[in-house]
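Engineer: These are the residues of each chain, in order.
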Amino acid sequence: MIEIEELRRSFPGLQSITPLAESGQRHVLRAVRDNQPVVLKILKPTQDPELARRELEAIVRLDCDYVPRILESGTTTVGSTARLYVIEPYIQGESYDVRLRREPQPPLPLVLDLAETLLKGCADFAASGLVHRDLKPGNILLDEGGKIWIIDFGIVRVLDAVSLTPTNQQFGKFTLGYGAPEQMRNLKRQIDCRSDLFSVGVILYESLCGYHPYYQGTSDPFEVMRRITGADLPELEVREAPLLGSLVMSLASRFPSRRPQTPAQALDRFAEATRGLNRGGR
Amino acid sequence: MRLMLQFGHGMIEHTRALLREWGDGGVILSPRDLDAEQIIRVGSEIRRLGVEVLIDPQCFAHDADHSRLASHAHFNAFRKCTTNQLFTPDGAREVLRPLARYATEIDAEAIVIPGLLARPVSDEWLGLQSHMINMANNESGGRKVIGTVAVGEESMCNEESMEAIVDAAEEWNVSAVYVIAEAPSEYLVDDPVWLANLLVLVSGLKLQRKRVILGYANHQMLCAAAANVDAIASGTWLNVRGFPIDKFYQPAEDEESRRTTWYYCPQSLSEYKIPYLEIAKRVGVLGRMRPPVGLGSRYAEPLFGGVSPGAVNWREPDAFRHYLACLRGQCSECSAASFQEALKIQHDLLDGAAAVAAALTAKGVRGDYRDFGKCFDTNRAALAVLQHARGGRLTREWQGDGS
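For the protein sequence lines, the chains are A and B, in the order given.
With my numbering, the residue at position 75 of the first sequence is 75, and numbering never jumps.
With my numbering, the residue at position 65 of the second sequence is 347, and numbering never jumps.
What the hints contain is simulated information worked out from the structure, not anything from laboratory work.
Do not rely on the hints blindly, as some may be mistaken.
[Unchecked claim] Lysine to aspartate or glutamate pairs mimicking DMTMM-like chemistry, simulated, CA-CA at most 25 Å apart:
| # | chain 1 | residue 1 | chain 2 | residue 2 |
| --- | --- | --- | --- | --- |
| 1 | B | Lys492 | B | Glu421 |
| 2 | A | Lys188 | B | Glu453 |
| 3 | B | Lys626 | A | Asp65 |
| 4 | A | Lys120 | B | Glu679 |
| 5 | A | Lys173 | B | Glu453 |
| 6 | B | Lys362 | B | Asp317 |
| 7 | A | Lys173 | A | Glu22 |
| 8 | A | Lys173 | B | Asp449 |
| 9 | A | Lys173 | B | Glu421 |
| 10 | B | Lys626 | A | Glu235 |
| 11 | B | Lys426 | B | Asp317 |
| 12 | B | Lys626 | A | Glu272 |
| 13 | B | Lys492 | B | Glu453 |
| 14 | A | Lys188 | B | Asp405 |
| 15 | A | Lys188 | B | Glu442 |
| 16 | A | Lys173 | B | Asp405 |
Turn these sequences into a full structure, and let the hints steer you where they fit.
Structural biologist: What follows is the structure in C-alpha cells.
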C-alpha cells in the first residue's frame, strides 16, 4: 500500500489524492491539479523499469485522439524510493467492461463507434511503430460526453526496439481471451498491428453477440486457450450489416494472414460494411 | 492463370509441337527425365522460342536414387549433404552452383531453389527454406529466385502447417514460389481438406504479391484460379499430373507399360477410355463430349469425325496433346478480374461439368477412376473454405486478371 501522506509530499501540486485502483504494476490515484481532475500513476518498484520507460515513451510519441495525453511524467522520490510516475487527465465515465456487464449487447451505434475508434487507434499505434498488446474492454473508457478512450500501455511492444520478453518463454504477454494467438505463443516475429486487430475483433464479436466467444460455457483458462488457438469462431451474423459480421470474423481470425493486414485496410472494410447505416441513438 | 508444361518422360516432342502451335507458354524441365546435355539443349531450344524455362531441381528427398536424377551435379551434391550440411553456406553453394550454371547455359530468367519435401512442416524445414533462399540470392548471378514449397501429404491436411508456411514466406526474398503438394491419391483427390488447404496455402502466398506456380497439377487444380494463382504446370503421364515421390526412386521407366488411352472431356472434367466413347456414339451422346472449339484443341477431331471412335487410330500422343491443349484453354477461361468473378467461373464450371457428367453416366458413359464425379463436391467445399479464410482479402487485394 502506498502512503497518501508521502505522495502529498512528493507531489505538492496535487490536491485531494485518493486511491483509484491498484495492479501488479502500478498504483493509480485520483487527484486535482489546477482545479482539474487528474490521474496519477505511480509505478511499483517491482516493475521492470525498462518496460515502464517504454510505456512512457510510447505514449509520449503517440499522436492519437483516443489516448489520454500525458500532462507530466518523470521520476520522483516517494518515501525513500525513486518512482516513475505519470499524470494524465482524469476521464469521468465508465470502463467498457463495466458497461458490458450492465448491458452485454450494447446498441449497434455504440458498437460501431467503438469499432471505428479502436481501428483508428490501431492505425495511430501502427503509425508510431507500437503494438498495444492489451486491448480489452477493461482498457476502454466511455466518458460522460460519449467519447471512447483507449488506456493502459503497460505491455506495449515497441516494434523498433529489442523485445523484453525472453524468446524461450513459452507464453508472451497477453490477457487471456483478448490477446492474439501469436502473443500467447510468444511468436515475436508475428506480433505486429495485426495482433491488436485480433483483440479488436474479439471485443466487437463479444459486443455484437452479447457474450464472450471464448469464455462462453467455460471458465477453464486452458479450454479458453484451446479455443483461441484451435478453431475459428462461429459464424457471426449481423442482420443490419452483413459485411460487418465478416469483417469482425476476419479481424478475430486466429491466423494473422487472414486478418486485414493493416488497420487502414480494416477501416476501409469497416466503411464499406457500415455505409448507409443509421449510426445515431447509442 | 496460364498453363506451364511439366516435363516428364517423353515430353520433348510434345513440347515442341505444342509450343510451335501456341507460340507462348512456359516449361518446367525435369532432371529425372533429362540428362545434363538434354537439359541444356532442350532448355536452350525452348528459350529461343521466347518461352519461359525453369528447371525443377527435384531435391525432394536425400535418399532418392533415380539414376538419371543422380547424374546431375546439383542432385549429387544434394544427396551427399545431410540436412545439417545444407544449412552451411558451403553445403548450400554445392547444390546451388550447378543450378546457376544450367540457368546461365540456357539463359533462364530465374533459378528454382531446391526444396525438401516437408514431412512434416517443421521449424527446421522452414529454417532450411529461408537459408536456401538467402544463399540463392547470393548465387543466382542476378537472376530471379523462385522458392520451392514441397509439402508432404500429412502436412497438406494440417491447416496450421499451411499458415506456418505463409507466415514464414513473408520474409522470403523470392520473385515466385513453386508449390508442390503430395496428394493422398494418385490422381484426382476427393479429400476436401487437402484441396482446401492447398487453396489456403497458394492464396496466402499470392496475397504476399508473390507469383505462384502450382506444379505437378491436373485439371482439378483449375480451382487454383480462384486463389489468383499465376500458373499451374501439368504434363502427360499421371506422375507429372500429381506428385508421386516414389518416381524419384524408381530406376527406370514405368509408364510405357500402361497403354490405356484416355480422352479428356473438358465439359465434364472427366476422362474416358476409348471404348466408352464408342458407347457414347452408340447411345447418341458423343457430340456432348466434343471439345468446345474455343479451348483450342484440334487433336481429338478424328474421334468426332463420324467414324466409330474405336476404329480411329487415336493414341497417347494425341490424348496427351489434347489434354494439355484443353487445359491451357481452361486455364485461360478461369482467369478473372476479381475474386467474385473467379469464384463464379469455378462454380459455373463445376455445375456445368457435373450436369454433363451426370448425363453421360445416365447413358452408361463412365470415366472409371478418372471420373470427376467424386470430386465436384470436393472442389466446391475447398472453394467455400477459400472464401471463408481469405475471401475478404482476396476481394480487396486481387491482382490483375490472374493470367
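Engineer: If any of the earlier hints don't hold here, list their numbers in rising order.
Structural biologist: 3 and 9
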